[in-house]
Amino acid sequence: MPCSPPNPARRRFLLSLLLLVCFWYQAACSSGDGMKVWTQPKPDQSIKDQAFLHGSFPPGFLWGTGTSAFQTEGSWDVEGKGPSVWDHFVHSSNLSTEDADVASDSYARREDDVKALEYLGVKSYSFSLSWPRLFPDGDPRGRVNSAAVAHYSRLIEHLLDKSIEPIVTLYHWDLPQVLQERYGGWRNETLVEMFEEYAAFCFHTFGGRVKYWLTMHNPYLVAVQGYGTGVHAPGETGGTAASLVVVHNLIRAHARAWHTYNLGFRAAQKGKVSIVLGSHWVEPQRGQATAANVELFQQSVEAVLGWFANPIFSDGDYPLSMKNKHGLLLPAFSAEERLWVNGTADFFALSFGPNVLRLGRAIVQHGQSVTPDLRRLLAWIKHEYGHPKVLVAEAGWFSEADVGREDTVAIYLMKRFINQVLQAIRFDGVDVFGYSAWSLVDGFEWNKGYEVRRGLFYIDFNQPNRSRTPKTSAQYYRHVIAHNGFPRDKTSGEVAGRFPCGFHWGIADATLQVHFYPFSPQFTDSHLYHWNMSHDGLLRPVSGVTMPTRRAQCTDFLSIRDHVALFASTGASHYRFALNWALILPQGDLSSVNAEALRYYRCVLTELKRLDVEAVVVLYYPTNRAPNLGLPGPLQDSGGWLNHTTVEAFLAYAALCYEQLGPWVSHWITMNEPNRLVDVYSGGAETHRAAHNLLLAHAKAWRLYEREHFDKWRAPVSLALHADWAEPANPYLDSHTQAAQRFLLFELGRFLDPLLAARHGNEPRKGDYPAEIKSYLEERAQEMGPSESPLPTFTESEKEELAGALSFIALNHFTTRLVSPAPPSTAGSQQKQPSAHGCMTLADPTWPFSGRGQALVPQGLRKTLNWIHQRYSGAMPIIITASGVDDPALVDDRLRQNFLKSYLQEALKARQLDGVNLQGFYVWELQDRNVPQFGLFTSTHHQSRAKASLAVYREIMHRGGFPSQNTTQDCRAREQREHCPACEWMFKNKAMLVFGGCLLITAAMLASLVISVIITKRNQTMGRGRGIVRMNRRRKKMPVCSCARFNHYDFPR
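Residue numbers for the sequence shown, in the working numbering: 30 to 1082.
These are calculated hints, taken from the structure and not from any lab test. Since we're looking at a predicted model, the values are computed, not measured. Be aware that one or more of the hints could be misleading.
Stated by the list, open to error - Here are the simulated lysine-lysine pairs, DSS-like style, with alpha carbons at most 25 Å apart:
(1) Lys299 / Lys65
(2) Lys930 / Lys519
(3) Lys71 / Lys144
(4) Lys352 / Lys77
(5) Lys65 / Lys77
(6) Lys892 / Lys519
(7) Lys65 / Lys352
(8) Lys729 / Lys930
(9) Lys519 / Lys444
(10) Lys301 / Lys352
(11) Lys741 / Lys729
(12) Lys892 / Lys729
(13) Lys240 / Lys301
(14) Lys444 / Lys144
(15) Lys352 / Lys152
(16) Lys191 / Lys352
(17) Lys77 / Lys930
(18) Lys519 / Lys65
(19) Lys301 / Lys191
(20) Lys71 / Lys301
(21) Lys191 / Lys152
(22) Lys444 / Lys77
(23) Lys795 / Lys729
(24) Lys892 / Lys930
(25) Lys301 / Lys444
Stated by the list, open to error - Computed beta-carbon distance windows for the label pairs:
(26) Ala297 / Thr400: 57 to 65 Å
(27) Lys152 / Ser993: 39 to 47 Å
(28) Gly61 / Arg211: 17 to 25 Å
(29) Asp168 / Lys65: 19 to 27 Å
(30) Asp708 / Gly944: 42 to 50 Å
(31) Thr400 / Gly668: 42 to 50 Å
(32) Asp708 / Glu127: 39 to 47 Å
(33) Arg183 / Lys152: 14 to 22 Å
(34) Trp742 / Pro821: 29 to 37 Å
(35) Lys65 / Glu222: 48 to 56 Å
All C-beta atoms in this analysis are idealised placements derived from N, C-alpha and C, irrespective of residue type, glycine included.
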């Protein structure tokens, strides 16, 4: 039995003395410096572990879950229970026909709940006592319900038997209805004393077995929604004035209960007492916080959390911002009450969930945004209230009722909240000792009834047995608890090694812009000018005089010279860019060929060749935008890729480009991301028809090059596919695993399988679509009615043409997507027609994201490469022909630096550890167009400045990867030795070669001298002979004619 409290006079004296010491101690320790959280920069996602931290929680961390009595117990009038305000509210309300009379039936199924706790492996269970069940008439001095006492005692004993710590809440909103009717509920200060007596009974009855007590759960919602707006029970609409009074009484009631335990029970029971307070969190809608708006952010949090926490954890009084806002409406604490209220919590218990966040959105001001950032809120609590110990007593979100047990989104929100707690512990020094995922089972969600669910265990409320079925979020939470956090994946460590010599260190661009005009007017201006130096100093044309012009040469184009020089400065070996089909063939056929455009491209290629840069040229770069999708207008007007004539037009275009540009191109890509282009079409048969024709066009262009040009120029030909990795959104559901595989088959297999031999059992299939896609579309067609599959079929000749029409696999990889089956569309709904693969994509909120929403998931690249490697037998070379991320930084683009290092690390692992035949990696892209985005250089508007990421890429290229020692890779000398055996022999025997060369030169000079002397003497001899002949002729007086011309008729016969 606990000791009895001392007499009132002595009690008041001791209390005043104790609280005076506590007040000054608290004032000294509490910094009240929460505003600094907004002035500090947000976590930098380019820094490792800032977006998601892999690691463990402290030993002994109190993993738990919880419920509230009214939401789950049911048995609303069983074994003497009296009605609560919520019983009365739902029974009398016209807003809903639902009630909690049975709810989850936890009162009768206590053992089922404990089994659910055992399944999770939790160390604590937070539940609330039902005041009207213990005291049906509400009066703690009256008759106690022995059946209720026995029920809660058995529950506590059962938990302790399973080594689960009970965390007991005295009041979770279910005030006895009789107290509401008799006194007006929490508007009447009579309840302060009654709550103290109720708490004393509970401490006395259960306290010997309970180490953690919570007096109230989120009283803010009781005051605001119960007595202010009437959304919650008891449904009063007294507005702000009523809420202020209710809060005042709730705080005093809590303080009375804490002092009761502190003075009467703590010494014997050695437990801890607190109050669960809820809060939202706010951030600026745009940009960084400023001195002007930080004060407003502080006031927003003070209006919810600070309303209760300031009196209890700070100085015993309400925040100044609330005093200024509410004036005389705000009840005042006396000096004695401030001492008495302050410090009445042994730890900080926090509720962070949808109910308060929803209310938070209603009170934010212009320029503020409510965000679910638990880490920042925990840091604010630490700075504002002097580094208290924190229990996250409620955290979680809701799912729609029709989600059932497949609560995929809830998994990622749980993952995010728990990881934010770990980051707050590790990085911010917050002393969090426990986390309670809310809630254990589905229940009655207050004014939302059964429309939403928050349980880890699913309950079908239409079934009388109310069986508990673990949701996928329960499976995930169980996994986290078992590992005490988020252990790092064994494959996540870095490896040392180099990429081979000959590896493509590339940069990729979109369609190369053609600038026809040379940089000097002398080539196009025929005028002659004189300089009027004595007057206005202007150049004036000389009238009547024109000068000849000449056609501009490749070296005259400033745009080419500057652009190629910019690329050459990167040190990259390969440059991927695209031609403009619509510019080269405006009419879509050879009737109109833009020779100047072809000449411009030829100039670019020759300049690249001069600088020893390998050119990778894309023939067709779809814009994926109306009206023409990158096609010549007439082709698009005639149906574009839905019309087979476009296939033939592409073949003619490819033939022209091969002929005109072939000698300078090291690799050809027929088309860029045809798998993204088909998404533009309306779906169904159109999507499949477009993909069909794109494949045929590629195959014909490949065959043409192989047949007519490969022997001359030997350039490999491929097509580039957008190749993001697909991860099952819910790893605990087979349907999601199947959806992810189906997504990859439609994205990649649909284009690669017809060209390559994929593994299908023992027999490879060539020249045809994946068997899995064919089966899926046939089944889907049957489900929608007796109809045929929308997938076109290849003829036998087309299959032969397709099979093997690929020299290497080109992939554009940027990110990873979570994939789940798309929900079935209801009849008559206005939903967008589902995609051909029947999947939808999500994103993990714990991933780091760029400004444009691209997730950085480096391991997705390795998984993509392995999927390709395993499906296509691993023989085919693979090149990543585009990979990058947008970064808004003008120069110090740390996000992109992290991207390059982490993604190239995964590329090295794929090659070195997994045996993937990876032969190149191209960074997207060379230069920004306007604002900072993907470029390694800023735009011309920003003086084409090199960004910091270029130095990172250049260093990786220079070292050939990530060698264990900081050494460079000298590939050029090695290539010479490898590819020129004769050169290697000459290098070894250079002394002998020099000596031999000298002898050869000397012999040649001597031979030349001898020949020269002989010719000179012969000429002299012949000269003397001609002189004698001329002399004899003069003597005979014969005429000499050296210039007469005769024809053959003049000769004597």
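Evaluation of the provided hints:
| no. | hint | verdict |
| --- | --- | --- |
| 1 | Lys299 / Lys65 | 36 Å, violated |
| 2 | Lys930 / Lys519 | 18 Å, holds |
| 3 | Lys71 / Lys144 | 41 Å, violated |
| 4 | Lys352 / Lys77 | 43 Å, violated |
| 5 | Lys65 / Lys77 | 23 Å, holds |
| 6 | Lys892 / Lys519 | 14 Å, holds |
| 7 | Lys65 / Lys352 | 22 Å, holds |
| 8 | Lys729 / Lys930 | 38 Å, violated |
| 9 | Lys519 / Lys444 | 20 Å, holds |
| 10 | Lys301 / Lys352 | 31 Å, violated |
| 11 | Lys741 / Lys729 | 19 Å, holds |
| 12 | Lys892 / Lys729 | 31 Å, violated |
| 13 | Lys240 / Lys301 | 6 Å, holds |
| 14 | Lys444 / Lys144 | 23 Å, holds |
| 15 | Lys352 / Lys152 | 41 Å, violated |
| 16 | Lys191 / Lys352 | 48 Å, violated |
| 17 | Lys77 / Lys930 | 11 Å, holds |
| 18 | Lys519 / Lys65 | 37 Å, violated |
| 19 | Lys301 / Lys191 | 21 Å, holds |
| 20 | Lys71 / Lys301 | 34 Å, violated |
| 21 | Lys191 / Lys152 | 9 Å, holds |
| 22 | Lys444 / Lys77 | 18 Å, holds |
| 23 | Lys795 / Lys729 | 16 Å, holds |
| 24 | Lys892 / Lys930 | 17 Å, holds |
| 25 | Lys301 / Lys444 | 28 Å, violated |
| 26 | Ala297 / Thr400: 57 to 65 Å | 44 Å, violated |
| 27 | Lys152 / Ser993: 39 to 47 Å | 43 Å, holds |
| 28 | Gly61 / Arg211: 17 to 25 Å | 40 Å, violated |
| 29 | Asp168 / Lys65: 19 to 27 Å | 48 Å, violated |
| 30 | Asp708 / Gly944: 42 to 50 Å | 33 Å, violated |
| 31 | Thr400 / Gly668: 42 to 50 Å | 48 Å, holds |
| 32 | Asp708 / Glu127: 39 to 47 Å | 42 Å, holds |
| 33 | Arg183 / Lys152: 14 to 22 Å | 20 Å, holds |
| 34 | Trp742 / Pro821: 29 to 37 Å | 33 Å, holds |
| 35 | Lys65 / Glu222: 48 to 56 Å | 40 Å, violated |
Of the numbered hints listed earlier, those contradicted by the structure are 1, 3, 4, 8, 10, 12, 15, 16, 18, 20, 25, 26, 28, 29, 30 and 35.
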